[in-house]
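Numbered according to the numbering used here, the sequence shown spans residues 1 to 262.
Careful: at least some of the hints might be erroneous.
Said to hold, decoys possible - Taking CB as the label site, the calculated pair distances span: (1) Val21 to Gly148: 18 to 28 angstroms; (2) Arg6 to Gln101: 16 to 26 angstroms; (3) Ile112 to Leu25: 35 to 45 angstroms; (4) Ile186 to Lys258: 35 to 45 angstroms; (5) Pro236 to Ile112: 30 to 40 angstroms; (6) Pro236 to Ile147: 31 to 41 angstroms.
Simulated from the structure, these hints should not be mistaken for lab results. Quick reminder that beta carbons are idealized off the backbone N, C-alpha and C, glycines included.
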Amino acid sequence: MFETTRFEARRRLRGTGILAVGLSLYSAFIVWYFTVWEGADIEAMFEEDVPPAMIEAFGIEALGTIEGFLGGQIYTFLWLLGLGIYFAYAGAGLVANDIEQGRMDILGVFPISRARLLGEKFSALLVPMLGLNLVVGIVIYGLVFAIGESIDPVHLTLVHVLSIPYFLVCASLGMLLSVVVDRGSIAERAAIGLLFLFWLGESVVSGSGDFSWLAYLSPTQYYEPTPIVIDGTFDPVDSVILLGAFVALQALGILLFKRRDL
């Protein structure tokens with residue numbers, strides 16, 4: 001049982017470890033950088049030099065606090081955009097790469113349904129999703145404590161836990177591309193472009209009158225890390241919407257995978 005999941009999960013362990021180290025080092029730099037700016041009026045400087053659209057896009061808020069600084073420099077830029085793109089990219093390689101390299105022909109002879117095969121391959125992505133959230137969350141909490149600052153552990157936990165439905169949607173979008181495209185490289189590039197367009201489009205059209213409704217088509221609309229890490233503000237409905245989108249994308253992906261020629 002779940003042999004495919006175990007095999008795929010083991011393949012992702014090394015990459016997850018390397019990525020966790022890289023993200024932890026970047027987080028350490030950002031926390032140190034906060035100490036360099038401590039005492040300066042960072043918010044006034046950003047409001048003077050950075051366009052309002054950029055401030056909105058990067059979740060810049062309360063930069064004079066460690067929570068606001070982490071929200072803008074790590075959780076909006078790195079977590080929302082960077083890891084969102086990473087999981088879309090990872091999902092885009094699930095099927096298309098195996099088809100392109102001929103591995104799917106071997107997997108197809110096993111006594112396992114296509115729905116289960118796709119589900120087990122996708123579930124291996126929980127290794128980096130859970131591992132990165134756990135490791136980096138603990139590292140950030142320790143770094144903040146080390147510089148003599150404090151951060152609410154509940155808010156920090158929430159910003160990591162609530163990222164998982166968002167990552168599931170990102171990975172599912174990539175998986176859908178992987179099912180309908182034959183070449184892995186094309187599916188992966190399309191996934192990167194799609195997530196970036198979602199983030200950029202949501203930032204541009206949000207609050208723009210007649211076109212503001214377009215923002216609700218983007219998964220980035222339903223995960224706002226900066227308010228969560230600052231004061232724990234979030235709407236549970238957003239997570240429900242993301243989970244609903246995840247289920248719908250999975251169902252569509254399975255349906256298309258069942259019908260396609262391998």
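The hints, checked one at a time:
no.: 1; hint: Val21 to Gly148: 18 to 28 angstroms; result: holds, 25 angstroms
no.: 2; hint: Arg6 to Gln101: 16 to 26 angstroms; result: holds, 20 angstroms
no.: 3; hint: Ile112 to Leu25: 35 to 45 angstroms; result: holds, 40 angstroms
no.: 4; hint: Ile186 to Lys258: 35 to 45 angstroms; result: violated, 22 angstroms
no.: 5; hint: Pro236 to Ile112: 30 to 40 angstroms; result: holds, 36 angstroms
no.: 6; hint: Pro236 to Ile147: 31 to 41 angstroms; result: holds, 32 angstroms
In summary, the one numbered hint that this structure violates is 4.
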